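> Residue numbers (full-length UniProt numbering), protein chains in the order written: chain A, 1 to 261; chain B, 1 to 261; chain C, 1 to 261; chain D, 1 to 261.
Calculated from the structure, these hints are not laboratory results. All values reported here derive from a predicted model rather than from experimental measurement. No residue lacks a Cβ here, since even glycine has one placed at the ideal position from N, Cα and C. Heads up, some of the hints might be wrong.
What the hints assert, rightly or not - Using C-beta positions, here's what the derived DEER-type ranges look like:
#: 1; chain 1: C; residue 1: His-231; chain 2: A; residue 2: Pro-244; range: 37 to 45 Å
#: 2; chain 1: B; residue 1: Gly-22; chain 2: D; residue 2: Pro-223; range: 35 to 43 Å
#: 3; chain 1: C; residue 1: Asp-232; chain 2: B; residue 2: Glu-149; range: 53 to 61 Å
What the hints assert, rightly or not - Think about it this way: if two alpha-carbon atoms lie no more than 30 Å apart in a straight line, the pair counts; the simulated DSS-like pairs of lysine-lysine are:
#: 4; chain 1: D; residue 1: Lys-218; chain 2: B; residue 2: Lys-228
#: 5; chain 1: C; residue 1: Lys-106; chain 2: D; residue 2: Lys-218
#: 6; chain 1: B; residue 1: Lys-73; chain 2: A; residue 2: Lys-228
#: 7; chain 1: A; residue 1: Lys-228; chain 2: A; residue 2: Lys-218
#: 8; chain 1: A; residue 1: Lys-251; chain 2: A; residue 2: Lys-228
#: 9; chain 1: C; residue 1: Lys-251; chain 2: D; residue 2: Lys-119
#: 10; chain 1: B; residue 1: Lys-240; chain 2: A; residue 2: Lys-119
#: 11; chain 1: B; residue 1: Lys-218; chain 2: B; residue 2: Lys-73
#: 12; chain 1: D; residue 1: Lys-240; chain 2: D; residue 2: Lys-106
#: 13; chain 1: A; residue 1: Lys-254; chain 2: B; residue 2: Lys-228
#: 14; chain 1: C; residue 1: Lys-254; chain 2: C; residue 2: Lys-240
#: 15; chain 1: C; residue 1: Lys-251; chain 2: D; residue 2: Lys-106
#: 16; chain 1: B; residue 1: Lys-240; chain 2: B; residue 2: Lys-106
#: 17; chain 1: C; residue 1: Lys-73; chain 2: D; residue 2: Lys-228
#: 18; chain 1: D; residue 1: Lys-240; chain 2: D; residue 2: Lys-254
#: 19; chain 1: C; residue 1: Lys-228; chain 2: D; residue 2: Lys-73
Claimed, not checked - Among the chain A residues that face chain D by a calculated CB cut under 7 Å, a handful are:
#: 20; residue: Ile-169
#: 21; residue: Val-177
#: 22; residue: Lys-254
4 protein chains.
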Amino acid sequence: MAIRTIVWGENIHEHINAVVGGIYPDGMHSTIAAGLNGDAAIEATTATLQESEHGLTEARLEATDVLVWWGHKDHGGVQDAVVERVVRRVHEGMGLIVLHSGHFAKVFKRLMGTPCSLKWREAGERERIWTVNPGHPIAAGVPEQFVLENEEMYGEFFAVPEPLETVFISWFAGGEVFRSGLTWRRGAGNIFYFRPGHETYPTYHNETVMQIIRNAVKWAYHPHPPLKGIHDAPNVPVDKALEPITERGPKLHKAGEEGYR
Amino acid sequence: MAIRTIVWGENIHEHINAVVGGIYPDGMHSTIAAGLNGDAAIEATTATLQESEHGLTEARLEATDVLVWWGHKDHGGVQDAVVERVVRRVHEGMGLIVLHSGHFAKVFKRLMGTPCSLKWREAGERERIWTVNPGHPIAAGVPEQFVLENEEMYGEFFAVPEPLETVFISWFAGGEVFRSGLTWRRGAGNIFYFRPGHETYPTYHNETVMQIIRNAVKWAYHPHPPLKGIHDAPNVPVDKALEPITERGPKLHKAGEEGYR
Amino acid sequence: MAIRTIVWGENIHEHINAVVGGIYPDGMHSTIAAGLNGDAAIEATTATLQESEHGLTEARLEATDVLVWWGHKDHGGVQDAVVERVVRRVHEGMGLIVLHSGHFAKVFKRLMGTPCSLKWREAGERERIWTVNPGHPIAAGVPEQFVLENEEMYGEFFAVPEPLETVFISWFAGGEVFRSGLTWRRGAGNIFYFRPGHETYPTYHNETVMQIIRNAVKWAYHPHPPLKGIHDAPNVPVDKALEPITERGPKLHKAGEEGYR
Amino acid sequence: MAIRTIVWGENIHEHINAVVGGIYPDGMHSTIAAGLNGDAAIEATTATLQESEHGLTEARLEATDVLVWWGHKDHGGVQDAVVERVVRRVHEGMGLIVLHSGHFAKVFKRLMGTPCSLKWREAGERERIWTVNPGHPIAAGVPEQFVLENEEMYGEFFAVPEPLETVFISWFAGGEVFRSGLTWRRGAGNIFYFRPGHETYPTYHNETVMQIIRNAVKWAYHPHPPLKGIHDAPNVPVDKALEPITERGPKLHKAGEEGYR
Numbered sequence: 001m002a003i004r005t006i007v008w009g010e011n012i013h014e015h016i017n018a019v020v021g022g023i024y025p026d027g028m029h030s031t032i033a034a035g036l037n038g039d040a041a042i043e044a045t046t047a048t049l050q051e052s053e054h055g056l057t058e059a060r061l062e063a064t065d066v067l068v069w070w071g072h073k074d075h076g077g078v079q080d081a082v083v084e085r086v087v088r089r090v091h092e093g094m095g096l097i098v099l100h101s102g103h104f105a106k107v108f109k110r111l112m113g114t115p116c117s118l119k120w121r122e123a124g125e126r127e128r129i130w131t132v133n134p135g136h137p138i139a140a141g142v143p144e145q146f147v148l149e150n151e152e153m154y155g156e157f158f159a160v161p162e163p164l165e166t167v168f169i170s171w172f173a174g175g176e177v178f179r180s181g182l183t184w185r186r187g188a189g190n191i192f193y194f195r196p197g198h199e200t201y202p203t204y205h206n207e208t209v210m211q212i213i214r215n216a217v218k219w220a221y222h223p224h225p226p227l228k229g230i231h232d233a234p235n236v237p238v239d240k241a242l243e244p245i246t247e248r249g250p251k252l253h254k255a256g257e258e259g260y261r
Numbered sequence: 001m002a003i004r005t006i007v008w009g010e011n012i013h014e015h016i017n018a019v020v021g022g023i024y025p026d027g028m029h030s031t032i033a034a035g036l037n038g039d040a041a042i043e044a045t046t047a048t049l050q051e052s053e054h055g056l057t058e059a060r061l062e063a064t065d066v067l068v069w070w071g072h073k074d075h076g077g078v079q080d081a082v083v084e085r086v087v088r089r090v091h092e093g094m095g096l097i098v099l100h101s102g103h104f105a106k107v108f109k110r111l112m113g114t115p116c117s118l119k120w121r122e123a124g125e126r127e128r129i130w131t132v133n134p135g136h137p138i139a140a141g142v143p144e145q146f147v148l149e150n151e152e153m154y155g156e157f158f159a160v161p162e163p164l165e166t167v168f169i170s171w172f173a174g175g176e177v178f179r180s181g182l183t184w185r186r187g188a189g190n191i192f193y194f195r196p197g198h199e200t201y202p203t204y205h206n207e208t209v210m211q212i213i214r215n216a217v218k219w220a221y222h223p224h225p226p227l228k229g230i231h232d233a234p235n236v237p238v239d240k241a242l243e244p245i246t247e248r249g250p251k252l253h254k255a256g257e258e259g260y261r
Numbered sequence: 001m002a003i004r005t006i007v008w009g010e011n012i013h014e015h016i017n018a019v020v021g022g023i024y025p026d027g028m029h030s031t032i033a034a035g036l037n038g039d040a041a042i043e044a045t046t047a048t049l050q051e052s053e054h055g056l057t058e059a060r061l062e063a064t065d066v067l068v069w070w071g072h073k074d075h076g077g078v079q080d081a082v083v084e085r086v087v088r089r090v091h092e093g094m095g096l097i098v099l100h101s102g103h104f105a106k107v108f109k110r111l112m113g114t115p116c117s118l119k120w121r122e123a124g125e126r127e128r129i130w131t132v133n134p135g136h137p138i139a140a141g142v143p144e145q146f147v148l149e150n151e152e153m154y155g156e157f158f159a160v161p162e163p164l165e166t167v168f169i170s171w172f173a174g175g176e177v178f179r180s181g182l183t184w185r186r187g188a189g190n191i192f193y194f195r196p197g198h199e200t201y202p203t204y205h206n207e208t209v210m211q212i213i214r215n216a217v218k219w220a221y222h223p224h225p226p227l228k229g230i231h232d233a234p235n236v237p238v239d240k241a242l243e244p245i246t247e248r249g250p251k252l253h254k255a256g257e258e259g260y261r
Numbered sequence: 001m002a003i004r005t006i007v008w009g010e011n012i013h014e015h016i017n018a019v020v021g022g023i024y025p026d027g028m029h030s031t032i033a034a035g036l037n038g039d040a041a042i043e044a045t046t047a048t049l050q051e052s053e054h055g056l057t058e059a060r061l062e063a064t065d066v067l068v069w070w071g072h073k074d075h076g077g078v079q080d081a082v083v084e085r086v087v088r089r090v091h092e093g094m095g096l097i098v099l100h101s102g103h104f105a106k107v108f109k110r111l112m113g114t115p116c117s118l119k120w121r122e123a124g125e126r127e128r129i130w131t132v133n134p135g136h137p138i139a140a141g142v143p144e145q146f147v148l149e150n151e152e153m154y155g156e157f158f159a160v161p162e163p164l165e166t167v168f169i170s171w172f173a174g175g176e177v178f179r180s181g182l183t184w185r186r187g188a189g190n191i192f193y194f195r196p197g198h199e200t201y202p203t204y205h206n207e208t209v210m211q212i213i214r215n216a217v218k219w220a221y222h223p224h225p226p227l228k229g230i231h232d233a234p235n236v237p238v239d240k241a242l243e244p245i246t247e248r249g250p251k252l253h254k255a256g257e258e259g260y261r
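Based on the provided sequences and hints, a complete structural model is requested.
The structure is reproduced here in structure tokens:
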């Protein structure tokens, strides 16, 4: 079965900015989803901010393996209940790919636990993306470096937790560097942040960019059943202990009582 | 100057449970603080849930290098505004040591971005704590293993992010294991989780336990000025670029405009 | 195409120790290879110490995706030239699964750069293996814990580098713990160490053990072309620089000269 | 007591290249040692390739807390016995700071277990070094970025193991990036690689460079007694087990026998 993937798009600038609308007439999410569907192993659909529950209902998320997230202008417009729902599914094992300005998305900040801040400059300058982890599955088939002739600059310090692995680092014409491809696991869910994708440039029409996102979807996917138990803190009764033990000393809880939260 | 440390205690069971009150007549926080003050490099004071703003005012946190946190029965009683204040200070560089049942403290869950769940059993069973990273500063002077004859069991899976380093792993008589000493950095702040410390046992009267907490305070401390800029996402104007660049292509923002959040 | 896997066996105790020979009449390597071949995605063959070049010729390694290594009694008998050959292929992207007493194999020590020492006891005691990273591909389908009723004890401190991720931790009846499933990448090659497998016990007849090794083979495999360039340190001539630069200042090397090694 | 530090210098180009001799008339090692001795917490001496046992006798290494290594032209001239001696001391807890072309030093390659290869260009181009981990002790007091106007370029892929933490990343005028400040622990020893320092430029006269090396010496130092036991693999006899167990099943070794290596 193909990897059930949702590309979530904020879907605002496509409608209010002529340049963005010109590059992505059907929305950035549609372009990205089409690029993913070019791979038979992936089955990508889309969801947007404007849909009911932002298109991310409980039932739909349950049937989703990987979520790709692009947002920028209205992070605050994403309902907190939907954010928690997404975060829970990541903990249970849904993969999450966060793109570009999604560094400030509520779902990403919630999972990172850090400010996720960075420097930026919108000057259409040259970005060179270097592969610094050529053995990583996300780098499969990616050259040692490639160029995006016009991109927004993101510069360090990028306030995220030290990643499991750093896969890409960007060089910018204006003198900055940025860790552009980073991996984490949170609960059972794999997370990949990928920097490029400013909406006024045709970044998601770039074949190498799309190759990386396809690789990331495959890497983030695990065919595990969801780890539903991750939200619980079960008491293991003394008489169910794996090795025989005798209860000793004082205790707070009665047998079978729930713990505090 | 000594490391300015606050030991925060929930301070409930000491007053409502005779066993806990008997072991820690002045409160667990006082016993822990006294143990830290045995080291001239540390200057520990206390704060409790019951104090105004839980004893963690803006001004006091500004003057704090490391915060030690013990809570259990009333995690929900900690005000969200204080949680955010603590989290911001950790991002700026304040160290944080989370003890035992603090795994479910709001500040810890907020910084980890994961459920922080685990298994547990209150049977006064034997815990053996093994040093699996003897070169780590937190393990300085700690034997290869030591015993707490009566402790609550915590068992895996412990739903926290993969740590920077695993320092201690516990063996329990009932058959479980647990990663008992784990480190992370979030922003500029060092975080250490240390498992032992159930309130019905005299764990914080154990000298090795206190040695580890003292080591952790010293490890978590950095003499950096607070990284106040970590909360900002500054625009770098084109004419201030480090290397001369020319603005090209379309853009969303006017010069000097704030980014979206 | 299936993952081309070699199971390398030292193949000594099977012939000189009746107990080992009874459990593994065709050799441990054959039993392990048969277990791997139960999965259609894997195509496992075997190689042994006694074969010419230990069965690991240049040509055969070139055509190998993942190497599984079991050795114990005669680590010193493995030729250094073959060790270097294996190490080079790992750097280029061949996966490596090191089993049990392979912790002291030359190939493993060479790739880790550490002593790889540990404590041990041969008492047929109970081992409980806990999954501490249930979202990891190597843990797919593995229960939260399982038992090997008779195993050799390995105890911490296990002198290996901090892993990328810790997947399994063992509990032993005699009081020890051990990080039993650890991952690293070296160059482009994925490495997994898995603890169980003392030759006097029927460990590789255990279905969960074999499930883990199958998972590990799949995890370690990448369909990348070998990263042959990893052994080189190429000079990038000034006139081939990606961005135009002018040579300035004094230099040691003439244009096109090789660097020092 | 001050941190007992040796600055090891290859000490060749200073004598055969007029430019290098002009910048470092007393040798690079002397300049670096003088910079370290500007900090009262450090007591730095020097050693060179030309000295007996390269100045790194058993006795001297035993009395050393941190070793700083600079070599380039004659890595092959370092005796293997001295390499092993240094590596053992790192495993036991001696800190190691490897500078610039030391990426190909035998001691570094031996500890990393990888090729340690990279790209390079000697054009005196501009290097900008960015702090990507401002909370790390090695970044204390270091600005968010600083410039070395003339340096040799080192470019990715840098074939080293994923570090514990990435502290600095370099931007080069010619279009490359490089992970310039990386940390690892091997055994009980802390290791820091720091990129700058081509001998034809006055890099070690730069105050920020020296501040970083001073920070690194302090970070690498631990006041632990040496972990001498790390080289052993002790048998734990059944009757000395921490928890009472009964020997069961067949075994290879007689009681008290040494394990295989």
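> Against this structure, judge whether each hint is valid.
Cross-check of the supplied hints:
no., hint, in the structure
1, C:His-231 / A:Pro-244: 37 to 45 Å, "56 Å, violated"
2, B:Gly-22 / D:Pro-223: 35 to 43 Å, "37 Å, holds"
3, C:Asp-232 / B:Glu-149: 53 to 61 Å, "58 Å, holds"
4, D:Lys-218 / B:Lys-228, "25 Å, holds"
5, C:Lys-106 / D:Lys-218, "33 Å, violated"
6, B:Lys-73 / A:Lys-228, "25 Å, holds"
7, A:Lys-228 / A:Lys-218, "22 Å, holds"
8, A:Lys-251 / A:Lys-228, "29 Å, holds"
9, C:Lys-251 / D:Lys-119, "16 Å, holds"
10, B:Lys-240 / A:Lys-119, "13 Å, holds"
11, B:Lys-218 / B:Lys-73, "28 Å, holds"
12, D:Lys-240 / D:Lys-106, "41 Å, violated"
13, A:Lys-254 / B:Lys-228, "46 Å, violated"
14, C:Lys-254 / C:Lys-240, "15 Å, holds"
15, C:Lys-251 / D:Lys-106, "24 Å, holds"
16, B:Lys-240 / B:Lys-106, "41 Å, violated"
17, C:Lys-73 / D:Lys-228, "25 Å, holds"
18, D:Lys-240 / D:Lys-254, "15 Å, holds"
19, C:Lys-228 / D:Lys-73, "25 Å, holds"
20, Ile-169, "5 Å, holds"
21, Val-177, "5 Å, holds"
22, Lys-254, "29 Å, violated"
Hints 1, 5, 12, 13, 16 and 22 from the earlier list are contradicted by this structure; the remaining hints agree with it.
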